[in-house]
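From first to last, the protein sequence lines are chains A and B.
Just so you know, numbering that gives the first Met the number 0 puts 116 at position 117 of the first sequence, and the rest follows in order with no gaps.
Just so you know, numbering that gives the first Met the number 0 puts 232 at position 233 of the second sequence, and the rest follows in order with no gaps.
These aren't lab readings, by the way, just hints derived from the structure by calculation.
Just so you know, even glycine gets a beta-carbon here, dropped at the ideal spot from N, CA and C.
There's no promise every hint is true.
Stated by the list, open to error - Here are some of the chain A residues that sit facing chain B, going by a computed Cβ distance under 7 Å:
#, residue
1, 88
2, 92
3, 102
4, 104
5, 110
Said to hold, decoys possible - Computed beta-carbon distance windows for the label pairs:
#, chain 1, residue 1, chain 2, residue 2, range
6, A, 239, B, 193, 55 to 61 Å
7, A, 240, B, 298, 54 to 60 Å
8, A, 56, B, 123, 36 to 42 Å
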Amino acid sequence: MSALLGVDAVTKVFGGVRAVDGCSLEVAEGSVTALVGPNGSGKTTLFNIITGYLGADGGRVTFAGRDVTGRDPGRLYRDGLSRTFQQARVFPQLSVLENLVVAAGYGWTRLFTPRVGRADRERADELLDEFRLAPVADLLAAELSYGQRKLLEFAAVLMSSPRLVLLDEPTAGVNPVMIETMERHIRSRNAAGITFLIVEHDMTFVMRLCDPVIVLDAGRQIFSGRPDEVQNNPLVLDAYLGG
Amino acid sequence: MSRAGVARGGGFFLLLLALPFFGLAHWVVNLLVFVLMFAIMASAWNLVGGFAGYPSLGHAAFFGIGAYSMALMFHGAALSSGYEPFVALPLIGLVGAVIGWPIAIISMRTRADVFAIVTITFLFMIQTLAFNVRSLTGGSQGLSLPVAPFPAASYERPFYLVLVAMLAVAMLLTFGAMRSKIGLSLVAVRADEDKARGIGVRVSGVKVLAFSVSVGLTAMVGGVWAYYETFIYPQFAVDPLITIAVVLMTFLGGRATLWGPVLGAVILEAGQQTLAYRLGGSQFYLIAYALVFLVIMLLLPRGILPTLEERIRLRRRARVANAPDTPGAARTADAGRVALAPGGRS
Chain A
0 MSALLGVDAV TKVFGGVRAV DGCSLEVAEG SVTALVGPNG SGKTTLFNII
50 TGYLGADGGR VTFAGRDVTG RDPGRLYRDG LSRTFQQARV FPQLSVLENL
100 VVAAGYGWTR LFTPRVGRAD RERADELLDE FRLAPVADLL AAELSYGQRK
150 LLEFAAVLMS SPRLVLLDEP TAGVNPVMIE TMERHIRSRN AAGITFLIVE
200 HDMTFVMRLC DPVIVLDAGR QIFSGRPDEV QNNPLVLDAY LGG
Chain B
0 MSRAGVARGG GFFLLLLALP FFGLAHWVVN LLVFVLMFAI MASAWNLVGG
50 FAGYPSLGHA AFFGIGAYSM ALMFHGAALS SGYEPFVALP LIGLVGAVIG
100 WPIAIISMRT RADVFAIVTI TFLFMIQTLA FNVRSLTGGS QGLSLPVAPF
150 PAASYERPFY LVLVAMLAVA MLLTFGAMRS KIGLSLVAVR ADEDKARGIG
200 VRVSGVKVLA FSVSVGLTAM VGGVWAYYET FIYPQFAVDP LITIAVVLMT
250 FLGGRATLWG PVLGAVILEA GQQTLAYRLG GSQFYLIAYA LVFLVIMLLL
300 PRGILPTLEE RIRLRRRARV ANAPDTPGAA RTADAGRVAL APGGRS
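Excised from the complex, chain A in its bound form (with noise of 0.2 Å):
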């Protein structure tokens, strides 16, 4: 397996913060490759960097083989490089299918065409489906509750049939029920051929889910392997213990 997404010796610093301080890491292209590390340990800051809301101080971020550093964040989605984010980032003026739609990174010309077409209602349908969201596919995203609020928003990026995921903590919030519809549906697409890199505090899910595993701290990355071997990592320890 090669490298889908490769991190190169990223720098980003706030003030006198280093957030993230030359690091590198890879993601074969099939993983599920899970992020953890402490608080402020700088994985939504890289999450921010590789997915182009935050330019790089320094460093290289390739995708499917180019340079991607700093390249738009629209232009990445369509690139097939997705992500959700850490508080459900929906459009609650919008109906759950229109959340879809609005999703699919359309192109210039689309925009003169009907707002809920025909063809967008049928690519629509299969993940509304999927996701058993079809039942409130008409409600605003607003009466949603927040767990089903996290399942959209994870729909909506696979509108544009993306082969990177980043999920930025895809089960802080939500119940345990959904915690498992979550765990499927990951491991589905997966299966399917999609790429994760997921960002989660909860270390039974990443245990059960991804391999490999990340550990950041400090802005750099201290370790990489199998989930067994993580947990008596020395480094691992100490980032989390302190010492």
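Given the structure of chain A, go ahead and fit chain B onto it with the hints provided.
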């Protein structure tokens, strides 16, 4: 839109077209001309301020640009039919839109309050230019336009009918936006622009497009206004009060709705003129006007149409949840919501 919607729109415009033929007094038709001007400008502003969520305070600058374009084109010209300035309106709209394009690209890099300040700065810039570029604008002495050779008995009628046509265009553009992916994208921009950009929505494109169309329409209204007034001065052609009135109308009627800005314009412009007549030439009418506005904002905070819509929706939902023979009644309120949804969106 449903058949009811088509009937509503058709009925409204038939009524508008028929109104001047009822032998209304001049002051009434004059009032209607101003109501129409504001209805068009509020509908246009709604595209940017309502749908995209960018509260422009600079629209009056484009009103002025349109007015001065018209004045410069026909200053000292002899009119034969009197319809020549109307024929020039699309060109004036184009001028407004072309000037608006770079302004949008620059100013829309900022958001919300900063955007409001940047656009109002542009307004004052244009006003200063109108005062000081005397060779072009005549400065504070103003510019004159030829008086339209229309019969005195129905002098306002051609202006009125042209404005009705422009309102139809503005509302069709709004409707088209709402029904296409442009509207979908604009709502996404308003709700969460960063998220929208991250899922491949053409964020910059749609907001610049909306701004250009919006200020193009506003410039056209300025053109009609200049011809109607036949004499324009900088302080009236580029007037912050026009911006503020248009924003208030849109907020009052309901942002991001098709009919809200029109309703707001009818209420506020008619109300303001009536109060101004009743309370005389002093500025007392402004206080009464403010009171009306406060009362409505207190009772219908999100604007008239969205608040009413919400109430109807909640009532209908309650009815569905309480009805004994619907699936929703047996289960929870959530189920009732689901059962309602398809009917609510037809």
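Assessment of proposed distance window 36 to 42 Å (beta carbons of residue 56 (chain A), residue 123 (chain B)): holds, 39 Å
For the hint on residue 92 (chain A), just tell me whether its beta-carbon gets within less than 7 Å of chain B. holds, 6 Å
When you take the CB atoms of residue 240 (chain A) and residue 298 (chain B), is the distance between them in 54 to 60 Å? Once the Cβ atoms are compared, 58 Å apart, the range 54 to 60 Å for residue 298 (chain B) and residue 240 (chain A) holds.
Can residue 88 (chain A) be said to touch chain B, with a Cβ gap under 7 Å? holds, 4 Å
Is the interface hint for residue 104 (chain A) satisfied, with its Cβ closer than 7 Å to some Cβ of chain B? Interface hint status for residue 104 (chain A): holds (3 Å vs cutoff 7 Å).
Residue 110 (chain A) was flagged as interface toward chain B. Is the shortest Cβ-Cβ separation under 7 Å? holds, 5 Å
Per the hint of 55 to 61 Å, is the separation of the Cβ atoms of residue 239 (chain A) and residue 193 (chain B) within bounds? Violated, at about 31 Å.
Hint residue 102 (chain A) vs chain B: min CB-CB distance below 7 Å? This interface hint holds because 4 Å falls under the 7 Å limit.
Comparing the model with each earlier hint shows a violation of hint 6 alone; every other hint is respected.
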